[in-house]
Amino acid sequence: MSKVEILERNVWVALLLPLLAGLGLYLAFSGEAGMPWASFSLRHPLGTDEFGRDVFATILAATGLSLFKGVLVTSVTLAFSVIVAEVVTLPRTASFATVIRVGASIVESVPVVLWVFIALIAVPGPRLVVVGLAFMVVVLPIAAHVLAGEFSRLRQALYVEAAYLAGAGELRVLARYILPNAKAVLMPFALQVLGAAIAVDGAIGVIGLGNRSDLDLGIFLLRGKESFFQHPQVLVLALLMYLVVYGYLLWLGSVAGRRWPSGGKVEPEMTGL
Amino acid sequence: MDVRSALVITILSILGAHALAYLLVGVLPDAAVISLGLESARSEVVAAFHADHGIRPYSQVIADAAHLDLGTTLDGIPVSKELGHALASSFPRLVIAGLAIVLASVVTAILAPARSGALDRAASFLAFLPPYVMPFLGVLVVLSVQAAFGVVITDGLSLLITVTAIAIVPGALIVAQTASITRRNLESDFARTLIAVGAPALYQRVRLLHNVAAEITPSLEKMFTGMMAALLFAEPILGLSGFGTAAVRAVRRSDPDLLLGVTLVLAGSVAVFRLFALVVRRHYGLRL
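Respectively, the protein sequence lines represent chains A and B. To convert, take the position in the first sequence, counting from 1, and add 4; that gives the numbering used here. By the numbering used here, the letter at position 281 of the second sequence is numbered 276, and the numbering carries on one by one without gaps.
Think of the hints as simulated: they come from the structure by calculation, not from any bench. Just so you know, not all the hints are guaranteed correct.
[Stated by the list, open to error] Quick partial rundown of chain B residues pointing at chain A, CB under 8 angstroms, derived from the structure:
no., residue
1, L135
2, V201
3, R202
4, H205
5, A224
6, F228
Using N, Cα and C, we set each Cβ at its ideal position, and we do this for glycine too.
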């Protein structure tokens, strides 16, 4: 089995490994809280933060946690997007397709992150749930619009027509014929949505809406900026983790592009904030 | 899509975004608790606060907006005045960033290699980053230079850092798409004909700029949205006054009228840009 095939079969493990590594390091190095802002040592290679936690372990744990939250939100968002896209591409749903298109225009008029900020301050509840739901609601029209285009194209394929003629139901056609052949569009799009989800989660910490002790990369950026002259390692490591995570996602996208050559490459796209 | 339909969708987008924001703002936690602090325990103080800053009915919000009355902030300043000052500070940065992106796109169209390579990978990577990473990188560079050499940050240097932070992510997207479009156009019959008749490569590239401009106009809306998203973070992170700082302040203080005003300005400007991109594209023709 080639490396690409191994990765394809284990892509979710590949995405979750950083979480496991980060949490493992966090548990290994956290233990009792050390002195706040302790200097570099064997036990704390990059020192400790203002709460006495190992800087290296906590930032690594925050990275893994961001990736995990992003994967969770992306999975739920895409699941609902597939359902909506499927409904939109059914016959006699042209008006629903128009509603989706207008909805996509409305939410695209304002950066996604601002919608999430407003939802976060307006709606009480656990942050992951509120942010996840707000992100899903905002991204859903856009994602459904993109997927509906691909589903409409695939519905015109001869093998799909043959499946209908053979008596296959809508669910079977979707699961056996449309979704597997939509991977070339679905996988790169999923990675873009994942990038946006991680960015939105960090943005909340960056503008100071989270708690300072949260394991959140955005909070580490903010705290790193505040303490740069005395403890530059926080900002440097947090920025490095962002560059590593997004480089990793882009690399996964290029792997997907080689695996599904017909449009599987991650097109140059912003995280859509 | 014809211009008339696009105009209808533009108006619907602006009104829809504003209405959706109003719906969310309507369930905001009581701003009196945030603004009044301990005084919020006194009912008469809270009542007076709500009389001054309570959320107006949506019909009144629309009617007032038609007269450019966007309400008042929690500090009692008219939102239109607050946003006017903020936009006046941000406008030069946005214009310079936009011009820088256009220039980068033109240079890319003229100089992009015929095959994808390091430029495309670098541009794709930069375009994929969150919009707040670049301002923090700017902070890192500035603070490091200050710590190492004691250099004073001048207004010009501050403007350069801010414009770079705003322009780099949407600019990388436009550069990557320009390179891709240029490579595709170089394979076209028109481009090959130019070379066949003996035109220099530079002339070929300059003539293809027309096609590049036509094909890149749909991305203008994404470029503008990206610039506004970058502005939301660049100004607060770099400690500058402007539209981005006003928007973040509206979020952090749960200021309903300022939030609605920010949403209206953002939705309006993005929708207008979308319409502009459509009009430009319809009036351009591809040189086949």
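Cross-check of the supplied hints:
1. Against a cut-off of 8 angstroms between C-beta atoms, the interface hint on L135/B holds, since the closest Cβ of chain A lies about 6 angstroms away.
2. Residue-level restraint check for V201/B is violated (minimum Cβ-Cβ distance to chain A is 23 angstroms; threshold 8 angstroms).
3. Interface restraint check: R202/B against chain A, minimum CB-CB distance 24 angstroms, threshold 8 angstroms, status violated.
4. For H205/B, the suggested interface contact is broken, since its CB lies about 22 angstroms from the closest CB of chain A, more than 8 angstroms.
5. Annotation: interface hint on A224/B holds; nearest CB of chain A at approximately 4 angstroms, less than 8 angstroms.
6. For F228/B, the interface hint holds, since its Cβ comes within 8 angstroms of a Cβ in chain A; the closest pair sits about 6 angstroms apart.
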